[in-house]
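Asker: Chains as they are written, first to last, in our numbering: chain A, 1 to 471; chain B, 1 to 471; chain C, 1 to 471; chain D, 1 to 471.
Worth flagging that the hints you see were computed from the coordinates, not collected in a lab. Treat the hints with care, since some could be wrong.
[Unchecked claim] Listed below are the simulated EDC-like cross-link pairs for lysine to aspartate or glutamate, each with C-alpha atoms no more than 20 Å apart in a straight line:
1) C/LYS374 - D/ASP443
2) B/LYS331 - B/ASP295
3) C/LYS331 - D/GLU359
4) B/LYS374 - A/ASP372
5) C/LYS110 - C/ASP443
6) D/LYS374 - C/ASP443
7) D/LYS455 - B/ASP347
8) A/LYS331 - B/GLU448
[Said to hold, decoys possible] Some chain C residues well away from chain B (every beta-carbon gap over 10 Å; in silico):
9) MET275
10) SER277
11) VAL368
12) TRP370
13) GLU448
[As the list claims (entries may be wrong)] Among chain B residues calculated to face chain D with C-beta under 7 Å, some are:
14) VAL193
15) GLY195
16) GLN197
17) THR282
18) GLN421
19) VAL423
20) SER436
21) ASN462
22) PHE465
Every residue, glycine too, gets a C-beta built ideally from N, C-alpha and C.
There are 4 protein chains.
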Amino acid sequence: PTHFAEPGLTVALHVQIQFADQKQEFNKRPSKIGRRSLSRSISQSSTDSYSSAASYTDSSDDETSPRDKQQKNSKGNGDFCIKNIKQADFGRREIEIAEQEMPALMALRKRAQGEKPLAGAKVVGCTHITAQTAVLMETLSALGAQCRWAACNIYSTQNEVAAALAEGGFSVFAWKGESEDDFWWCIDRCVNVEGWQPNMRINCIMLSKAGKLCVPAMNVNDSVTKQKFDNLYCCRESILDGLKRTTDVMFGGKQVVVCGYGEVGKGCCAALKAMGSIVYVTEIDPICALQACMDGFRLVKLNEVIRQVDIVITCTGNKNVVVREYLDRMKNGCIVCNMGHSNTEIDVASLRTPELTWERVRSQVDHVIWPDGKRVVLLAEGRLLNLSCSTVPTFVLSITATTQALALIELYNAPEGRYKQDVYLLPKKMDEYVASLHLPTFDAHLTELTDEQAKYLGLNKNGPFKPNYYR
Amino acid sequence: PTHFAEPGLTVALHVQIQFADQKQEFNKRPSKIGRRSLSRSISQSSTDSYSSAASYTDSSDDETSPRDKQQKNSKGNGDFCIKNIKQADFGRREIEIAEQEMPALMALRKRAQGEKPLAGAKVVGCTHITAQTAVLMETLSALGAQCRWAACNIYSTQNEVAAALAEGGFSVFAWKGESEDDFWWCIDRCVNVEGWQPNMRINCIMLSKAGKLCVPAMNVNDSVTKQKFDNLYCCRESILDGLKRTTDVMFGGKQVVVCGYGEVGKGCCAALKAMGSIVYVTEIDPICALQACMDGFRLVKLNEVIRQVDIVITCTGNKNVVVREYLDRMKNGCIVCNMGHSNTEIDVASLRTPELTWERVRSQVDHVIWPDGKRVVLLAEGRLLNLSCSTVPTFVLSITATTQALALIELYNAPEGRYKQDVYLLPKKMDEYVASLHLPTFDAHLTELTDEQAKYLGLNKNGPFKPNYYR
Amino acid sequence: PTHFAEPGLTVALHVQIQFADQKQEFNKRPSKIGRRSLSRSISQSSTDSYSSAASYTDSSDDETSPRDKQQKNSKGNGDFCIKNIKQADFGRREIEIAEQEMPALMALRKRAQGEKPLAGAKVVGCTHITAQTAVLMETLSALGAQCRWAACNIYSTQNEVAAALAEGGFSVFAWKGESEDDFWWCIDRCVNVEGWQPNMRINCIMLSKAGKLCVPAMNVNDSVTKQKFDNLYCCRESILDGLKRTTDVMFGGKQVVVCGYGEVGKGCCAALKAMGSIVYVTEIDPICALQACMDGFRLVKLNEVIRQVDIVITCTGNKNVVVREYLDRMKNGCIVCNMGHSNTEIDVASLRTPELTWERVRSQVDHVIWPDGKRVVLLAEGRLLNLSCSTVPTFVLSITATTQALALIELYNAPEGRYKQDVYLLPKKMDEYVASLHLPTFDAHLTELTDEQAKYLGLNKNGPFKPNYYR
Amino acid sequence: PTHFAEPGLTVALHVQIQFADQKQEFNKRPSKIGRRSLSRSISQSSTDSYSSAASYTDSSDDETSPRDKQQKNSKGNGDFCIKNIKQADFGRREIEIAEQEMPALMALRKRAQGEKPLAGAKVVGCTHITAQTAVLMETLSALGAQCRWAACNIYSTQNEVAAALAEGGFSVFAWKGESEDDFWWCIDRCVNVEGWQPNMRINCIMLSKAGKLCVPAMNVNDSVTKQKFDNLYCCRESILDGLKRTTDVMFGGKQVVVCGYGEVGKGCCAALKAMGSIVYVTEIDPICALQACMDGFRLVKLNEVIRQVDIVITCTGNKNVVVREYLDRMKNGCIVCNMGHSNTEIDVASLRTPELTWERVRSQVDHVIWPDGKRVVLLAEGRLLNLSCSTVPTFVLSITATTQALALIELYNAPEGRYKQDVYLLPKKMDEYVASLHLPTFDAHLTELTDEQAKYLGLNKNGPFKPNYYR
């Protein structure tokens with residue numbers, strides 16, 4: 001299961017409706033008529049509020065719906081629908097800043113630009129529309145592709161970035177604060193355009209008369225590089241950031257229980273231990289449990305420590321890990337949050353009972369108050385803390401975007417027949433290539449095998465260096 | 001030198017004008033007439049913008065100056081001047097939340113309340129006016145003191161807290177966004193009141209016909225507990241928080257140079273090392289330098305690494321540590337910030353030259369742009385990062401406030417003659433007492449000496465346990 | 001490639017000659033006549049001196065070869081060949097102490113004893129003969145197996161343990177300080193016994209008229225649990241232990257380069273970083289390289305730092321990583337050692353030239369002296385440091401031994417046809433079972449899935465909890 | 001209290017009998033006649049077995065007492081008494097190796113040699129006689145001093161080093177394995193020599209008709225540099241080394257309680273936490289207790305965790321910290337050791353009762369066995385683990401020796417009257433100088449203050465940089 005609940009980090013050769021995350025079943029959406037009745041099936045990630053570091057546009061704009069506006073960019077092109085084209089300059093600066101932290105995409109532009117490996121590609125995308133996405137789109141464009149884009153989340157669009165993209169000639173259909181009807185309208189406008197048949201997609205939710213199209217697709221999400229960065233390295237930082245921004249809690253001396261010791265749990269535990277917290281771990285898998293022991297964490301059942309801990313963090317991918325029974329026994333001021341998957345881990349629904357009072361004390365922070373005055377501090381209403389309350393480092397997004405771009409190139413240029421109608425893992429060698437493109441950021445110098453060494457190890461000097469299963 | 005640039009963490013037995021931080025010379029302010037001409041002598045801390053986690057009042061209020069309003073609390077008392085008394089309920093909740101993280105003051109209320117050790121004390125205070133300050137004021141009141149208060153900083157007042165204090169009967173004169181003239185007016189109103197002669201003060205800047213009154217005072221700032229918390233433990237967290245909130249930088253793999261390896265530098269280095277940064281240290285003192293080596297940091301001169309580092313952090317207490325010459329040689333995107341003392345460490349003035357462009361990209365974040373396009377990211381214009389861009393944990397404020405309260409009790413109740421007209425360090429035993437009051441927060445259980453052990457060590461069973469010089 | 005160079009951590013259903021480590025080709029050994037001429041093919045591990053924590057027998061014994069002695073145990077049984085049966089009591093105590101640190105095997109005895117799952121099994125083994133091996137052998141015996149054993153290494157036998165085993169009725173053929181001829185004689189005596197046909201083996205090197213017998217075998221070495229413990233967790237401790245015992249070097253402030261950032265390299269780097277060393281990493285694989293960056297290590301080529309480092313550690317599994325060119329450029333006193341695989345990583349042969357002087361300063365420590373007086377400190381002559389100069393924690397050996405015992409039970413009891421003539425990985429579920437047997441050591445409490453959770457995750461409540469490829 | 005129980009790290013201007021550690025009262029020893037009756041007052045450190053890394057001489061030598069031998073060096077000088085002058089070459093190599101790790105003394109030789117600042121000084125010393133001591137002695141000699149030396153410990157002398165010193169013309173009276181009578185005989189021979197009146201001493205235990213001579217002395221032990229290195233940095237490494245060498249215990253996952261959180265405790269806790277142990281701390285001082293909390297350790301009373309921990313480490317300087325009551329409640333296999341001061345912390349005497357069996361399993365390791373079979377593993381019989389079971393890094397000894405040399409120079413050259421008949425702390429500036437002499441070892445580059453900065457800080461550009469009380 002992907003950690004960031006983006007709706008399917010899959011790139012596909014042709015428009016298709018299949019999703020990496022099979023729990024979502026958007027492909028069953030039949031027709032425009034039935035749309036409203038399906039509204040409750042919108043994925044969590046589509047409605048998660050998304051912490052955008054730079055949102056300058058909240059209050060200054062008028063209240064007219066973008067759907068009711070007629071806008072054109074400076075070249076007279078009007079094939080887009082965004083909040084306000086006048087914010088383009090401001091968005092351009094955000095994109096330029098992002099470019100500096102996405103050196104791998106910039107390198108890809110340089111290396112692959114001459115040959116235009118995506119010439120003729122018609123890509124539709126449905127992702128968060130941010131400065132980082134813009135760098136990806138402009139890279140795909142530089143490689144020869146035509147792009148149309150919609151947002152995967154009704155809150156996450158950076159309006160000024162959308163404006164810069166529209167000004168640059170991209171057909172973008174997205175704004176911050178879309179209604180659910182807007183959401184589907186944008187996807188329709190993005191995909192269904194006269195005389196333009198997409199032949200590649202990135203995560204696009206869309207209608208199709210033909211139903212599920214069976215084409216090759218590549219699961220970008222399970223690449224080693226992405227996994228380690230999204231989970232271990234990213235969470236190591238975002239757990240601290242998310243907790244600080246929401247609660248200003250001091251970590252030193254705090255007792256914390258982390259539920260789950262997979263990559264996400266490992267990242268959270270390492271960070272909190274380093275900050276002077278006393279960390280307990282719960283696990284169901286004895287192998288991960290033994291790793292927790294060897295890393296210096298007491299392995300407990302939740303009920304053994306629930307009365308004494310200051311912070312509870314879920315990282316399991318499981319459901320109902322923190323249930324009402326545990327919430328009832330927490331001490332006053334205990335902070336509860338979710339770093340795992342979707343919003344199932346904490347049984348938030350069980351807190352919606354008459355005897356408990358909810359008090360919104362800050363954005364993303366609720367105090368749930370028991371009759372005796374005890375307060376439990378619930379973050380992001382149990383949704384993903386790192387998505388809701390911290391920012392994802394551009395560097396991590398850079399890895400994802402580079403992997404997506406390479407996967408598109410691979411699929412688009414593969415000899416016919418190499419990829420069947422299936423979902424493929426990124427070839428190990430491309431995974432290694434993505435990593436190598438990011439090493440210059442750290443002024444890191446890779447050693448090359450000598451001929452003799454390569455022969456001894458039975459490896460090609462250019463990799464792949466590890467078996468596919470290696471993590 | 002105190003790390004947080006509060007104007008003098010001294011409590012004094014009688015109104016006086018002396019300051020712990022001798023570089024400030026407010027005591028020379030002669031009269032109301034000369035006030036405006038002295039405006040440039042306002043201390044850094046008085047004008048630092050102060051990151052208050054909860055500021056709900058920015059936009060909703062009217063624009064009338066509080067000085068022009070007539071407000072009364074629900075009991076008809078009008079001896080205060082604040083933004084809006086109607087925010088009292090909201091402020092009360094903030095205070096109640098703060099109380100939960102300041103258990104030592106609450107314990108002090110309980111332990112000392114019966115005897116009212118401050119009965120008869122008339123305290124004037126001049127500090128940041130926040131929920132935490134309110135807990136201190138209400139503790140002093142519970143111990144028998146009468147309190148009047150003004151703000152030490154024109155930006156830092158939490159208006160709703162001031163309202164709650166006014167509603168509770170405290171004479172508070174402060175609001176967020178005071179002008180400099182307002183600032184002095186508030187202090188005047190706080191101190192000069194008919195028929196009420198203050199006999200104790202906390203950090204108060206005020207007029208006196210008698211000039212510098214020579215009374216006993218206690219330097220709260222150099223207590224071991226406060227030092228360690230303000231510097232080592234607090235900075236360990238706030239360096240990460242401050243950098244993340246302003247720049248969203250990913251720490252992993254970043255090269256960082258930390259100038260100075262005192263307590264602040266030690267905290268910054270430990271935190272960044274734990275987050276996967278590669279940290280270099282500069283030092284002038286060979287003993288601290290050797291400690292840096294033993295802690296695993298390469299000790300360099302700044303010019304050896306200035307071209308390669310991603311982040312520069314000053315923690316020296318010195319001036320002109322980062323000068324234009326170094327700024328010229330930094331690489332594109334390098335982040336520069338100050339965790340040390342006041343605003344002297346980075347020579348910001350040297351960046352105010354015509355060929356450099358300044359661009360404010362977020363609050364507290366400037367891009368300084370060289371003619372070739374290189375950008376240096378300057379945080380808080382070189383002022384203290386942790387004061388400007390992160391929040392100080394309530395727990396640390398709790399230690400300060402408890403120490404202040406105990407120092408007032410000690411001074412007020414000492415037999416005549418024990419304290420001469422001088423500045424005293426907090427007695428070791430009281431320092432230990434403050435620490436002991438904070439142990440229950442961590443569910444920490446102290447071991448007691450047996451009679452035999454106390455005799456063996458030559459110690460009193462109740463402490464003090466260490467010599468005064470012990471750090 | 002296995003990290004500890006034991007000759008093949010494979011357990012097999014029937015006597016066979018195949019080895020996990022295919023580079024060894026003992027199976028080609030044709031006959032007793034040709035034995036001496038094959039002497040140089042004896043594996044590294046067979047001649048490595050092995051640091052045995054407790055060797056009490058060095059000087060007290062007579063010089064008679066065990067092959068020339070006639071010994072019987074107290075029950076009159078003489079089917080063994082060891083140093084001195086009189087040391088049995090002393091060895092028994094060593095075994096009892098080891099039992100306390102191998103709770104999983106003891107638990108296995110209890111759980112599986114009733115059913116005797118190895119009844120009828122005839123096991124020959126060829127491993128280090130230590131107290132820990134004895135606990136394994138006595139466990140197999142308790143489960144119903146008959147065992148005969150020889151040593152896999154001419155130095156590593158604990159004579160007193162061999163005595164205790166012989167006294168207990170096991171047919172053991174091993175002593176410390178065997179000659180190469182002794183080594184093969186012992187294996188012959190172990191395997192070729194009238195009227196006893198082995199049907200299972202653990203790592204046994206032996207003669208067979210039929211050549212390579214094709215039977216199912218299980219690769220114990222690549223189980224997750226064993227991998228993590230042998231490599232990451234074990235090396236994290238043994239790198240410090242090995243360096244200290246040989247050189248007494250202080251780690252704080254030392255500059256160290258670690259070649260290779262796989263599991264072994266990760267363990268070494270983490271330990272040395274924690275002890276205050278400044279660590280550089282070299283890598284050929286960009287993915288591991290990026291991990292090193294994110295963990296806070298500078299990624300360099302060896303030639304960039306070779307002049308400045310105090311310690312060089314190889315963990316690559318590659319050959320000629322440290323060649324003469326680098327050795328020539330090291331600074332005076334530089335320590336060089338190998339934590340990787342076999343003895344190929346450091347080109348020790350290149351140091352056997354006339355202008356260099358070798359000086360043995362301690363056991364396992366040579367000073368190689370250049371004409372200008374420069375000394376390089378070479379540990380264990382380039383062989384594995386952790387095998388030669390530190391001890392392997394009993395806990396790690398416990399995991400290996402438990403895995404071996406479980407693999408034997410699985411193979412012996414599997415329905416015919418489940419395992420073909422191939423080498424199998426330990427089933428994930430058994431890997432998890434080994435881990436679970438070791439959790440009580442840490443007083444670790446595993447959480448159980450609820451029915452609802454198991455259903456949600458699509459897992460059996462008893463595992464396996466992860467896919468086979470999960471590491 | 002000094003951490004390493006050396007008998008007084010004081011250097012004195014004139015022969016005197018005063019000791020830094022006042023609990024020892026050797027100065028009361030009246031006459032040769034009374035010597036034997038005073039034998040039990042020999043300090044702990046004089047009889048501690050001392051782990052000498054290189055002892056090549058154990059078995060090869062004859063059994064004749066050195067006192068009965070007539071030996072002369074190659075120049076015909078016989079004013080020494082050692083084991084065997086023939087070992088001089090071997091000892092010389094040990095000294096040369098030590099020189100490489102004591103660069104500060106070598107630098108001192110170079111810097112101060114021209115002026116011979118100790119010309120005329122007659123120094124008697126009584127310390128461990130090791131290669132490191134030899135480097136100190138030869139440095140003092142190079143600076144102009146005449147030296148005579150005896151051992152402070154009956155086990156710690158490296159015979160080959162003593163031989164090299166004797167061959168070099170030093171009057172050394174020491175060998176490994178002295179009897180108590182030998183010990184005092186050596187000191188007599190060292191001090192009482194016709195026509196040679198010592199005027200300086202390092203830690204010398206000696207007879208004096210005049211009783212306690214009152215002369216200036218310098219307490220080398222409390223210098224910042226020495227304190228930090230002996231305690232924090234040294235113990236961080238030696239706790240791991242001492243535990244591994246004696247017990248081969250795996251640290252990962254072990255539960256450990258550390259009694260006392262001073263510098264030694266901090267070092268032990270940091271090391272064990274880094275190795276994956278779960279660490280609990282006990283403290284009597286609330287300030288140190290709060291530090292433990294902030295560093296992420298649970299603060300407990302010993303009785304709360306004594307049943308569950310795997311290792312108990314005392315670092316208090318106190319007595320009877322681990323008493324029989326706690327030993328009775330430890331679990332089977334629990335390891336108990338002392339890193340604190342002298343041998344009072346663990347009540348070993350209480351284990352000498354009939355129902356308990358003692359079993360010596362290795363050098364320095366006893367199993368104490370309860371009637372029910374429970375074993376407690378007692379290390380070094382409760383004496384200092386790091387002195388008994390690990391080696392002290394040469395670098396730490398280098399700091400001590402350099403400080404001693406500088407203190408002698410300071411005392412010897414001070415204008416009359418600067419130092420009264422008292423014990424002085426090393427001046428801060430010299431402490432800083434010792435540190436600066438050790439920086440080149442780490443290739444560490446100190447930053448120099450500019451004139452402007454020095455003025456701003458009110459400091460001399462060459463230091464001292466910190467107040468005397470700064471730690």
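Asker: Each hint: holds or not?
Answerer: Here's how the hints hold up against the structure:
1. C/LYS374 - D/ASP443: With a Cα-Cα distance of about 18 Å, the restraint between C/LYS374 and D/ASP443 holds, given a limit of 20 Å.
2. B/LYS331 - B/ASP295: violated, 27 Å
3. C/LYS331 - D/GLU359: Status violated; Cα separation ~47 Å.
4. B/LYS374 - A/ASP372: violated, 58 Å
5. C/LYS110 - C/ASP443: Since the Cα atoms of C/LYS110 and C/ASP443 sit roughly 19 Å apart, the hinted pair holds (cutoff 20 Å).
6. D/LYS374 - C/ASP443: holds, 18 Å
7. D/LYS455 - B/ASP347: holds, 17 Å
8. A/LYS331 - B/GLU448: The given pair, whose Cα atoms are some 28 Å apart, is violated under the 20 Å limit.
9. MET275: violated, 8 Å
10. SER277: Per Cβ check, C/SER277 is inside 10 Å of chain B; nearest 6 Å; violated.
11. VAL368: It holds; C/VAL368 is separated from chain B by about 27 Å at its closest Cβ, greater than 10 Å.
12. TRP370: holds, 27 Å
13. GLU448: holds, 28 Å
14. VAL193: violated, 39 Å
15. GLY195: At about 42 Å, which exceeds the 7 Å cut-off, the nearest Cβ of chain D leaves the hint on B/GLY195 violated.
16. GLN197: At about 37 Å, which exceeds the 7 Å cut-off, the nearest Cβ of chain D leaves the hint on B/GLN197 violated.
17. THR282: holds, 5 Å
18. GLN421: violated, 23 Å
19. VAL423: With a closest approach of 16 Å, the B/VAL423 hint is violated.
20. SER436: Holds - the Cβ of B/SER436 comes within 7 Å of chain D, reaching about 4 Å at its closest.
21. ASN462: With a closest approach of 10 Å, the B/ASN462 hint is violated.
22. PHE465: holds, 4 Å
Hints 2, 3, 4, 8, 9, 10, 14, 15, 16, 18, 19, 21, counting from the list given before, are not met by this structure.
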